[in-house]
Amino acid sequence: MACELACGYHRDDGFALLSACIMVTRGREKRDYSAVVLKEAENLVIARAEGLEIRRIGAVEEGGADQSKGDASAKPLLLREPCDLCSDREEGPLCLQFCPVNAISMN
Amino acid sequence: MEYLSTHKISIIDLVTSKVMDQELDEDLVKEKIGGAGITTALYEEYQGEDPIVLGTGLLTGTLAPASALGMITAKSPLTGKVCHSPLTLYAGLELKYSGFDYVVIKGKSQKPVYLWIHDGVADVNDAKDVWGKDVWSSTDTIRDLMGDQLIQVLTIGKAGESESDFAQVCINYWASGDRWGFGKLFGQKKLKLVALRGMSLLEVSDAEGFVKQCKELLSTLKAGAFVDKKGIEEIPAIIGEENIQKWLGPIVHRHVSCFNTPFPTNTFVFLDEDPKLLKETEKKEPGFLITDIHGLLGFKKLGLSAADACALLRDCAKYGIDPVAVAELNQKAGKNKPDEIKKSFSGLKGSLESIGKGKFSPWCPHFGLSANEWEKKQAVAYIFGIHPIFALLSPELSEEKLIELANLGTGLGFTSETLDKVIADITK
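Line order of the protein sequences matches chains A and B. Under my numbering, the first residue of the first sequence is numbered 1, with each subsequent residue one higher. Under my numbering, the first residue of the second sequence is numbered 1, with each subsequent residue one higher.
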């Protein structure tokens, strides 16, 4: 995902999906369902078609393990650094600038 | 090869199940640039062993706009020529990050196998859990087995296993641009599927300059002709075919881009769910992702409703057969009922008028270009790893801009003369 690569570049000066603090989930592909997950210092922010959800890192998910099975991914999001909104860049977050379909915005 | 690369080529011998890693030689990159330039060279190097070469373009999986493309290069069972088939969606991206820029698959296995290519490792595994399954079940099985739903799967279905002339290598659950019968080649090699996933790091020679140039180019593209256009149903009107928006529109759920591509060339339709639903559906298989405009138009020309046409596309994808061939040969046979068309999958035979005449898959429309112009522009897209449809729709992605990006990314000093020579080599 371009936003993940841009975020990874902000961290590593190279292109890597693993080092990004943002992730586009493409789980449950047959349902064509996706979401953008952002790691903040203490929260995971999950943005998807039906709205925004903020989960405290470490909190037990409602619905148990089965609900999260469909999002299984080899990318360990919890190991990533939290988003700093690209604070050292005058132009703001790189993920916004590189989203090819303008799917990300910031209030 | 130090930059925009994972440095490695995997050479997989299906006869012995042995895998050998080879370094990607910088001199080869200087001479052939990448993508189809190098897959063609690798094909020629191993041609005595009837290889299938998987590859990525020089810019694939980077911030370069539309850098989604990977490719399969092999001799087409349909044409007898060495041809290239596009790997879109996220398959090119995952191949690049799997740890190998190129994969050469040579020889034939005695028993069904699959390849698991990930994190710099390529394994040849027994395919007993997936052989005999359709495309959708195979993808589900392999993802569940590996515990990762983001694995990209290049797989054949029953058409490939039975070595149908029109068997297609599908991407995950969806039709691909394989119009060359490469699915038959997979079947002949007893190769059920290739699973791709990786976490590599691509280093960049002039990282700041490369990213700045990508950003400027993306801004230009996003202000261009595509601002208000979305989805596969926009394409027929652009290529001079009948406008299908009223026909398809009522079942469209959303549009889907391939990796980092500003124009979504794929459209998801809901067949068993309300297309207006925004929250996640409870249904496991609500619809289908249309990735091939010619297949869709082929079924429309048989007089089918959009829902029936898309349901047939889904059936073709599960069986792993080229929908364009199915539509054309059924039209010739005078069949236009979904049930009888579906029954024709097994044992489908005949010659196609829509078969590709050149080296690149006719999956990408010509958009009014002459055959030579189209072939040249496809060559450029396949060398750099740019989405073939988007490349034709975006004059802003010029050869000069792509060479400039390649030089910022690699520091290798490519020139237009280098590119012209590679184009001439791979289109001759």
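Think of the hints as simulated: they come from the structure by calculation, not from any bench. Some hints could be false.
Claimed, not checked - Facing chain A, a subset of chain B residues (Cβ under 10 Å, in silico):
1) Q22
2) G61
3) T62
4) P65
5) K106
6) W174
7) E203
8) Q213
9) E273
10) E280
Source: prediction; values computed, not measured. The beta carbon of each residue, even a glycine, is placed where N, CA and C say it ideally should be.
Broken hints, by number: Violated: hints 1, 5, 8.
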